[in-house]
Amino acid sequence: MSLAPGTQLGPYTIEGPLGQGGMGEVYRATDTRLGRPVAIKVSSKEFNDRFEREARAISALNHPHVCTLYDVGPNYLVMEFVEGETFAKLLKQSAIPLDKVLVYAMQIADALAAAHAKGITHRDLKPGNVMLTRNGVKVLDFGLAKLTAVTLSSTSNADEVATLTAPLTGKGAIMGTLQYMSPEQVEGREADARSDIFAFGALIYEMVSAQRAFQGESPASTMAAILKDQPVPLNQLLPATPRALDRAIRKCLEKKPADRWQSAQDLKSALELIDLDATQVSVATSSAAAAATPISSGTIPATQPRSWLLPAVAGIAVAAIAGLTYTVWPHQRAAERVTRFEVPMPEAAILEAGDVYLRVSPDGTKLAFTSGGPLGGIWIRDLDSVEAHLLPGTAGAVAPMWSPDSRSLAYGVSNRLMRVELAGVPPRQIAESTGQVRSGFWTAGGEIVFGPGSIRRVSQSGGVPVPVTVPGPGEPAHTLPFLLPDERHFLYRRGGDLYSGSLDTRPEDQSREKIVAAPFGVEFVRDGDSADGNLFFLNNGTLMAQHFDTKAMKLTGDPIPVAQDVANGPQHGHFSVTKGGVLAYRTRRQGSQRQLSWVDRKGNPLKTIGDPRSLQGFSLSSDGARIILFRSETGSGLQGDLWTLDLDRDIETRVTFGQSVNVYGPAARPVWSMDGTQIAYQSGLQGKMFVKPASGAGEPVALPVLGEPIFWAKDLLLYFQTARGIFALPTTPSFGEGAEVLPPNSSNAVVSTDGRWVAYDSSVSGRNEIYIEPFRRPGQTGPSAGAAKWQVSRDGGARPRWRADGKELFFFAPRPGGGAIMSAQLEIAGDVVRPAAPLQMFETRVSSSSQWDVSGDGKKILTAVPLDREAAAPITVVMNWQSALKR
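Letter 819 of the sequence shown, counting from 1, is numbered 818 in numbering that gives the first Met the number 0, and no numbers are missing.
Quick caveat, the hints were computed from the structure, so don't treat them as lab data. Mixed in with the good hints, there may be bad ones.
[What the hints assert, rightly or not] Keeping only pairs whose Cα atoms sit at most 25 Å apart, straight-line, the calculated DMTMM-like set for lysine to aspartate or glutamate is: (1) Lys513 x Glu79; (2) Lys858 x Glu507; (3) Lys553 x Asp610; (4) Lys859 x Asp753; (5) Lys859 x Asp830; (6) Lys606 x Asp557; (7) Lys254 x Asp228; (8) Lys687 x Glu512; (9) Lys250 x Asp265; (10) Lys713 x Glu842; (11) Lys550 x Glu486.
Just need the whole structure built from these sequences, with the hints factored in.
The structure is reproduced here in structure tokens:
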């Protein structure tokens, strides 16, 4: 059915049609929550296998040249709105210039390589399914995609895998668009990645020549041409076509799959080696020679004996020009050369995404980066050296901030702001904050400005921090300030949006005008002596640069891709860039495969659960019968979706689909209601919380507060707000207003079964430790919070868990290479808790406090142990990035 403008599909308002196909219609719409345009593909019937395949395929990919899936409805897909023209429309006008063909071909090949690496075969690559946008190509329409069992096994149960890997039609049926089908598809045989490569060859052939590689007067004759004929060589149709490009395309179009390119990555590498300039020089020289030496039939030109003269003179001239060029320009050309090298990460370092920061020094000579584990702290690598060295005493450091003279670093350790000199002076504390220190900058005037929560400032010599910005009521935390060149203005994030601030403006008077949506932190680099420059930011894993007007405080022009698959933490990107021409970034890798297992109190294995999978974390229900699994299908490791796993029946049920559930943060952890019927989680850039039935049925309910849910205690949902502490939200008879129950330096609170006590971890001592105190419900009278408090851990701890009878507390203690599961017996007498000295139950390779849980009786521990320790992705350093940007 057709949808009229103004029709509502969930939060999406239909604006008008974009196109129509066999599976349904495509409409332009507006996402009323984020105010962005989207494309909605509506199925002609209820959500079918083809829609399911397309959703699975697109959601498994995170690539700048593949359309992005935002959301899924009962019979529609919500995708990135891509502005541009399909190549089907462009090719009706003319062929594509060769230089552009090569660029587009490499982008398409890159997208295919990413899909094939995920076990996805497109099966319908054609001009109508590739669109040219301002930022390059976008491969569209994965409705006929073939998904392998390997792709689906980590996100689906056995029945779903069987359904989604089964053929869409009967054996021997033809699937795809005829003119771009491979011979095996024409014959109804199984298609694989090499079938896409054949279609790629047909597509690029048409882009070069403006005519199809295989065509006939009827479908039967077209099939025959595909099976038997060879297309006309491109250099016959267009003499300027490089032979290397002609050969590459002909290899794509081989009849037997074994004779084609065996991978899109190899194909892309071959395309990158094609030199159009050499071809143009060759063609131009041939043309000039032909023009200079006219030949008539049966006649030899009288000037033939001196035919060597023109080439000789031309050769001498070329040599002279080349010599002059080398003499005049050698230094300039050398300076423009882009150089790349890799900095390996320390072998023993634990690299959790939120704790890795990269910072290039202002003078461009040094790289600082942070790591955890036994070799944790701040590492310094002089860029003219081959080794990095660890700064002593910087364990637990995050968010390093260079001094303007590149001789010192400020950094955060929990709620403390520290300073260390590279000359060897031991670290010292500058200030103490009400919350964690995880971002900031150092001004030339001698001030350090940092966040999150409110943005604060303090002298580089130390003192009491004072606010620069203050979040309004219900407003998300202010984070990741970045100084602009005038040394007075800065950029920072409020939730998921970018704002500008001024060091000369009162906190309550800071600008309320949003600049742009910003899922991650940004960096600004001045363009020469101009006040303007480029803003660097992450977009779906691609590092982009876009011109930024510092006077108008707005972006102008089009963004330019700089690097792909760049890693990120919860809010910050793993990249750093300087005006001097040094860019450093770290690529992301898929999470290690983890095996869910029950172990006893000594760590001995009892039972494995399911197959290995990539998990960001999990949460055990109070009755121990089900688990919430949270994992990312995009590779970001920060936002994903939720499944529940029934332990008795070993059946998974998907709860959210494409909802960008936050699964990484100081306390981010989707949680069960006490009765196991509902799940609370955080989703979206603004930090909104939602509640949804654990069955997965029904729509999520948005809660009236911002935060990260951490525990559901009967009729109260406890949640965490950065730099503000832990709050409790009434859940019955309806969701009300939150009230503070623990101070700002607290997190990961859990309430005992009888509701009398709350255990939590706190950085009040400068290091996370476990504490217990009486639980005071909102509005309850009595001693103030913290008046009676008992420390349980002795050497660091996180994420406590109660035994059901309240007589024992478990917690996670960081250790070199992972951690240890600890236990402390509790003696409770009246209003007093006497914790016994904690005992180590066992060490584990689990490196995150969200990768374990404990049964109610305390006899079994559920863990998700990594099966491998793949080498950490290195840091890539690019010297003279400006030249790469100009290209």
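Taking the hints in turn, this is what the structure says about them:
1. A threshold of 25 Å between alpha carbons decides the hint, and for Lys513 with Glu79 the separation of about 22 Å falls inside it, so the pair holds.
2. A distance of roughly 53 Å separates the Cα atoms of Lys858 and Glu507; the hinted pair therefore is violated under the 25 Å criterion.
3. Annotation: proposed proximity of Lys553 to Asp610 is violated, straight-line Cα distance about 49 Å (limit 25 Å).
4. Among the hinted pairs, Lys859 with Asp753 is consistent with the structure: their alpha-carbon atoms are about 22 Å apart, no more than 25 Å.
5. At most 25 Å may separate the alpha-carbon atoms for a hinted pair to count; Lys859 and Asp830 exceed this at roughly 29 Å.
6. Using a Cα cut-off of 25 Å, the hinted pair Lys606 and Asp557 is violated, with the two alpha carbons roughly 54 Å apart.
7. Between the alpha carbons of Lys254 and Asp228 the distance comes to roughly 9 Å, so the proposed pair stays at or under 25 Å and holds.
8. Taken as a hint, the Lys687 and Glu512 pair is honoured in the structure, with Cα atoms around 21 Å apart against an allowance of 25 Å.
9. Annotation: proposed proximity of Lys250 to Asp265 holds, straight-line Cα distance about 12 Å (limit 25 Å).
10. Distance check on the hinted pair: Lys713 and Glu842 sit about 33 Å apart at the alpha-carbon level, beyond 25 Å; violated.
11. Distance hint between Lys550 and Glu486 is fulfilled; the C-alpha atoms sit about 14 Å from each other, no more than 25 Å.
Of the hints listed earlier, those the structure fails to meet are numbers 2, 3, 5, 6 and 10, in rising order.
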